[in-house]
Amino acid sequence: MVSYIFRRILQSVLVLLVVGLVAFAMFRFVGDPVDTMLGQERTVQDIERLRESLGLNDPFFVQYWNFLGRALQGDLGISYRQGRPVAEIIAERLPATLELAAVSGTFALLMGIGLGVFTAIRRHGFSANAIMALSLIGVSLPTFLIGILLIYLFAVELRWLPSFGRGETVMVGGWSTGFLTQSGLIALILPSITLGLYQMTLIMRLVRSEMLEVMRQDYIRFARARGLSQRAIHFRHALKNTLVPVITVTGLQLGSIIAFAIITETVFQWPGVGLLFINAIQFVDIPVMAAYLMLISVMFVGINLIVDLLYVAIDPRLRS
Amino acid sequence: MALLEIENLTVQFPTRRETFVAVKDAHLTVEPGQIHGLVGESGAGKSTIGAAVMGLLDPPGKITGGVIRFRGEEISGLDAEAMASLRGRKISMIFQDPLTSLNPLFTVGQQLVETIRAHLHLSETEALARAINLIDRVGIPDARARVNQYPHQFSGGMRQRVVIALALCSEPDVIIADEPTTALDVSIQAQILDLIKGLARERRVGVILITHDMGVIADTTDVVTVMYRGEVVESGPTARVLGAPSHPYTKSLIAAVPRPTVKLHRFPLIDYGGRVTGFAIADLARNWPKSTGERGAPLIEIEGISKRFVSKQAILPSRRGYFTAVDSASFTIRQGEVFGLVGESGSGKSTIARMIAGLYPVDGGTVRYGGRDVTATTRGVPDWYRREIQMIFQDPYSSLNPRMRVDEIVAEPARHHGLLKGQALRNRVAELLDRVGLGAEAGVKFPHEFSGGQRQRISIARALATQPRFLICDEPTSALDVSIQAQILNILKDLQDHLGLTMLFISHDLPVVRQMCDRVGVMKDGKLVEVAETETLFEAPQHPYTQHLLSLMPRLDGLSDEGLAVA
Numbered sequence: 001m002v003s004y005i006f007r008r009i010l011q012s013v014l015v016l017l018v019v020g021l022v023a024f025a026m027f028r029f030v031g032d033p034v035d036t037m038l039g040q041e042r043t044v045q046d047i048e049r050l051r052e053s054l055g056l057n058d059p060f061f062v063q064y065w066n067f068l069g070r071a072l073q074g075d076l077g078i079s080y081r082q083g084r085p086v087a088e089i090i091a092e093r094l095p096a097t098l099e100l101a102a103v104s105g106t107f108a109l110l111m112g113i114g115l116g117v118f119t120a121i122r123r124h125g126f127s128a129n130a131i132m133a134l135s136l137i138g139v140s141l142p143t144f145l146i147g148i149l150l151i152y153l154f155a156v157e158l159r160w161l162p163s164f165g166r167g168e169t170v171m172v173g174g175w176s177t178g179f180l181t182q183s184g185l186i187a188l189i190l191p192s193i194t195l196g197l198y199q200m201t202l203i204m205r206l207v208r209s210e211m212l213e214v215m216r217q218d219y220i221r222f223a224r225a226r227g228l229s230q231r232a233i234h235f236r237h238a239l240k241n242t243l244v245p246v247i248t249v250t251g252l253q254l255g256s257i258i259a260f261a262i263i264t265e266t267v268f269q270w271p272g273v274g275l276l277f278i279n280a281i282q283f284v285d286i287p288v289m290a291a292y293l294m295l296i297s298v299m300f301v302g303i304n305l306i307v308d309l310l311y312v313a314i315d316p317r318l319r320s
Numbered sequence: 001m002a003l004l005e006i007e008n009l010t011v012q013f014p015t016r017r018e019t020f021v022a023v024k025d026a027h028l029t030v031e032p033g034q035i036h037g038l039v040g041e042s043g044a045g046k047s048t049i050g051a052a053v054m055g056l057l058d059p060p061g062k063i064t065g066g067v068i069r070f071r072g073e074e075i076s077g078l079d080a081e082a083m084a085s086l087r088g089r090k091i092s093m094i095f096q097d098p099l100t101s102l103n104p105l106f107t108v109g110q111q112l113v114e115t116i117r118a119h120l121h122l123s124e125t126e127a128l129a130r131a132i133n134l135i136d137r138v139g140i141p142d143a144r145a146r147v148n149q150y151p152h153q154f155s156g157g158m159r160q161r162v163v164i165a166l167a168l169c170s171e172p173d174v175i176i177a178d179e180p181t182t183a184l185d186v187s188i189q190a191q192i193l194d195l196i197k198g199l200a201r202e203r204r205v206g207v208i209l210i211t212h213d214m215g216v217i218a219d220t221t222d223v224v225t226v227m228y229r230g231e232v233v234e235s236g237p238t239a240r241v242l243g244a245p246s247h248p249y250t251k252s253l254i255a256a257v258p259r260p261t262v263k264l265h266r267f268p269l270i271d272y273g274g275r276v277t278g279f280a281i282a283d284l285a286r287n288w289p290k291s292t293g294e295r296g297a298p299l300i301e302i303e304g305i306s307k308r309f310v311s312k313q314a315i316l317p318s319r320r321g322y323f324t325a326v327d328s329a330s331f332t333i334r335q336g337e338v339f340g341l342v343g344e345s346g347s348g349k350s351t352i353a354r355m356i357a358g359l360y361p362v363d364g365g366t367v368r369y370g371g372r373d374v375t376a377t378t379r380g381v382p383d384w385y386r387r388e389i390q391m392i393f394q395d396p397y398s399s400l401n402p403r404m405r406v407d408e409i410v411a412e413p414a415r416h417h418g419l420l421k422g423q424a425l426r427n428r429v430a431e432l433l434d435r436v437g438l439g440a441e442a443g444v445k446f447p448h449e450f451s452g453g454q455r456q457r458i459s460i461a462r463a464l465a466t467q468p469r470f471l472i473c474d475e476p477t478s479a480l481d482v483s484i485q486a487q488i489l490n491i492l493k494d495l496q497d498h499l500g501l502t503m504l505f506i507s508h509d510l511p512v513v514r515q516m517c518d519r520v521g522v523m524k525d526g527k528l529v530e531v532a533e534t535e536t537l538f539e540a541p542q543h544p545y546t547q548h549l550l551s552l553m554p555r556l557d558g559l560s561d562e563g564l565a566v567a
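In order, the protein sequences belong to chains A and B.
Numbering-wise, full-length UniProt numbering puts 104 at position 104 of the first sequence, and it's gapless, one number per residue.
Numbering-wise, full-length UniProt numbering puts 475 at position 475 of the second sequence, and it's gapless, one number per residue.
Don't read these hints as lab results, they were simulated from the structure.
Wrong hints could be hidden among the right ones.
Calculated pairs, SDA-like style, for lysine to any residue (alpha carbon to alpha carbon, straight line, at most 20 Å) [unchecked claim]: (1) A:240 <-> B:99; (2) B:62 <-> B:109; (3) A:240 <-> B:109; (4) A:240 <-> B:196; (5) B:90 <-> B:237.
Stretch-level coverage of chain B by chain A, calculated; a stretch enters the list once three of its residues show a Cβ under 8 Å from a Cβ in chain A [what the hints assert, rightly or not]: (6) 93–103; (7) 109–122.
Some chain A residues near chain B, calculated using beta-carbon distances under 10 Å [unchecked claim]: (8) 221; (9) 232; (10) 234.
All residues carry an ideal CB built from backbone N, CA and C; glycine is no exception.
Between the sequences and the hints, there should be enough to build the whole structure, so can you do that?
In structure tokens:
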């Protein structure tokens with residue numbers, strides 16, 4: 001058990017080192033930062049001085065090592081475009097993305113599991129089949145189109161919900177939250193649905209098929225034969241057994257909710273890290289791109305580590 | 001008054017094209033304290049009767065005729081809610097496989113408490129006390145500690161005891177046991193059957209015991225009902241039905257049961273209803289390469305082979321735990337003989353087979369084939385040796401790739417070794433399929449279109465495709481009905497007689513081993529405790545463990561001898 005956790009952590013660290021290498025390599029191979037920073041009017045001495053002060057004359061692995069060391073201390077470099085520390089810019093933007101991801105992730109999980117169980121139990125019912133047919137739309141429509149359709153319907157035509165931005169935010173200890181104001185909460189609705197719809201339908205379809213599979217198992221038959229209630233059979237015995245594969249996929253999907261927030265943030269002009277990243281690409285702001293890449297990988301790896309530990313919590317067979 | 005009466009029961013499964021009648025006009029009564037055996041081959045409708053009584057027929061199945069009465073009251077027409085209140089409370093059920101009957105994610109105690117509280121108005125603590133009491137009553141030691149364990153922490157036999165404890169939660173009057181011991185070892189089987197017998201005797205529980213095993217019927221039941229294709233063909237006191245069967249199907253069914261006491265040249269086949277398909281192994285002999293060795297000379301010499309598996313993972317090798325599956329086993333298999341390996345599950349029989357076949361690398365010792373070293377390393381065994389040996393596995397459902405056509409399956413080994421191609425290969429495949437009794441036209445079908453016995457024939461055809469000299473049969477008939485088993489075993493005997501094949505035959509079924517093998521090795525906990533000529537072993541076992549195993553074997557003395565003479 002301890003060795004299992006230890007191995008998983010070791011693997012996670014390895015993945016992060018590789019991603020760090022890729023992020024770092026961007027500095028070297030995606031254009032020369034000195035060109036970008038100094039502009040047209042420059043002398044050879046200027047270039048040399050800047051190269052020396054930025055440490056660009058050191059051997060590759062020394063630079064990589066220094067880069068990692070600084071990153072660990074929270075020093076992610078200085079944005080070429082804004083001239084401010086990248087860590088500071090990200091700290092400003094991250095709460096917006098995390099709140100959006102949290103709300104849409106919760107929406108996807110609750111609705112996905114609920115509808116999945118419903119469509120599995122009533123698999124021949126009309127509403128279950130209707131939900132299954134509709135869910136195909138959720139899977140097949142691209143995110144930006146869903147976002148634009150929602151904006152058109154609820155913001156432009158019905159004028160119920162705002163079409164862009166976070167609404168009013170409140171600062172709570174350096175974290176700007178939209179959870180505490182009415183306009184902030186309202187502003188979360190459309191982007192969250194847009195971002196979570198695909199994951200929701202995916203989770204729903206997965207829960208449904210897993211549930212149908214589990215319902216065929218002997219222990220479900222035996223639970224019936226023991227005279228347990230339908231509710232206990234469906235929600236206690238069957239649901240818990242569907243969770244292991246569902247958690248696997250959900251873990252990966254939560255990671256991609258954060259990573260793919262880019263599109264939703266662009267559509268809704270959501271001031272999160274995704275939007276920051278898009279802007280950084282436009283201006284070849286490499287420190288921001290590298291930091292974003294590493295941030296996303298830390299989240300992916302972290303979530304998957306949690307997923308692996310959750311398996312053990314759910315399935316006693318893995319504990320021994 | 002009878003506890004449970006089933007009258008004229010008919011169960012149908014209507015489908016779009018046709019209606020399948022699973023049970024037709026079945027009669028059956030169970031008195032308090034009586035064990036009523038329900039016997040027949042797969043598809044006979046035994047389990048359907050059990051499910052109908054419980055109200056647990058899988059859709060679209062439904063009762064279309066007859067009545068089921070419990071203590072004189074009709075229960076077959078009850079609505080789902082009324083049936084649910086009866087289920088588990090008055091009538092309980094035990095299923096075949098204790099490995100899959102329990103939910104793996106909940107402790108045994110949680111599952112017991114939830115069942116108890118579903119039926120009796122008890123608090124959580126009272127229910128737990130009752131759960132511990134039940135675990136104790138079904139003979140699980142240290143009940144107080146084990147109640148907090150998960151199903152995977154119990155052995156197969158202990159799990160079946162837990163299943164029985166679950167069935168006893170609210171002191172039911174009737175227990176329907178559907179193949180309760182089929183998945184268990186003989187010694188465990190005897191214990192579980194004793195437990196069921198005790199329930200009937202002491203608590204006056206009426207039991208319907210569904211099984212395909214004549215030995216279990218003979219040992220356990222008071223009354224037996226024999227079913228064939230949904231119909232009851234014969235019913236009466238067990239001793240009378242088994243000793244002097246009157247219906248031809250019962251006669252042929254009893255004749256096909258392998259006897260522990262007498263060795264026959266060939267198994268009598270069930271000829272009722274025209275289900276015997278012929279085979280012609282002798283015809284294969286014309287093109288079969290002549291064996292080089294002399295009959296009776298050593299073909300495989302195994303010296304001190306061992307295998308251990310890591311049972312506890314750890315980073316430091318010194319802290320890893322190991323489980324020794326095979327502990328320094330030595331024996332010799334002679335050219336042309338069938339060598340049997342017997343023992344309970346986990347004794348290492350299959351591990352030995354896999355090491356000989358090169359599927360597991362050997363941790364110690366050597367394997368020699370025809371005098372040449374073929375000990376399996378991590379890179380497996382030499383190619384020439386692979387061609388010489390083939391395996392037939394226990395489960396004919398999972399040992400054939402469902403996405404491949406049968407002719408591709410049979411052709412694959414020969415193609416892999418580059419022995420034949422094109423028309424010659426097609427001819428070989430057609431010939432093999434024909435000779436094992438499937439017909440060459442079976443080649444274009446997929447495995448799921450065949451029954452278990454037919455699939456095992458496909459496995460045999462596949463094993464013969466490289467014209468091997470040595471076959472490893474790992475429980476080849478354990479998953480099959482007795483009539484099908486008789487056919488498969490006769491094919492294997494023909495392979496030995498006509499093609500001169502040498503075989504390693506692994507089984508836990510002692511009567512089958514006596515019929516099949518020339519010499520037998522007995523395994524216990526990874527060790528080979530005794531090797532002897534089959535007749536010597538059965539008549540005068542030397543090792544105490546062999547004596548113990550043989551004492552557990554059902555004697556089947558009461559079975560009619562009619563039909564055995566046809567052999």
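Status of each hint after checking the structure:
| no. | hint | in the structure |
| --- | --- | --- |
| 1 | A:240 <-> B:99 | 18 Å, holds |
| 2 | B:62 <-> B:109 | 34 Å, violated |
| 3 | A:240 <-> B:109 | 17 Å, holds |
| 4 | A:240 <-> B:196 | 32 Å, violated |
| 5 | B:90 <-> B:237 | 26 Å, violated |
| 6 | 93–103 | holds (count 7) |
| 7 | 109–122 | holds (count 4) |
| 8 | 221 | 7 Å, holds |
| 9 | 232 | 7 Å, holds |
| 10 | 234 | 13 Å, violated |
In summary, the numbered hints that this structure violates are 2, 4, 5 and 10.
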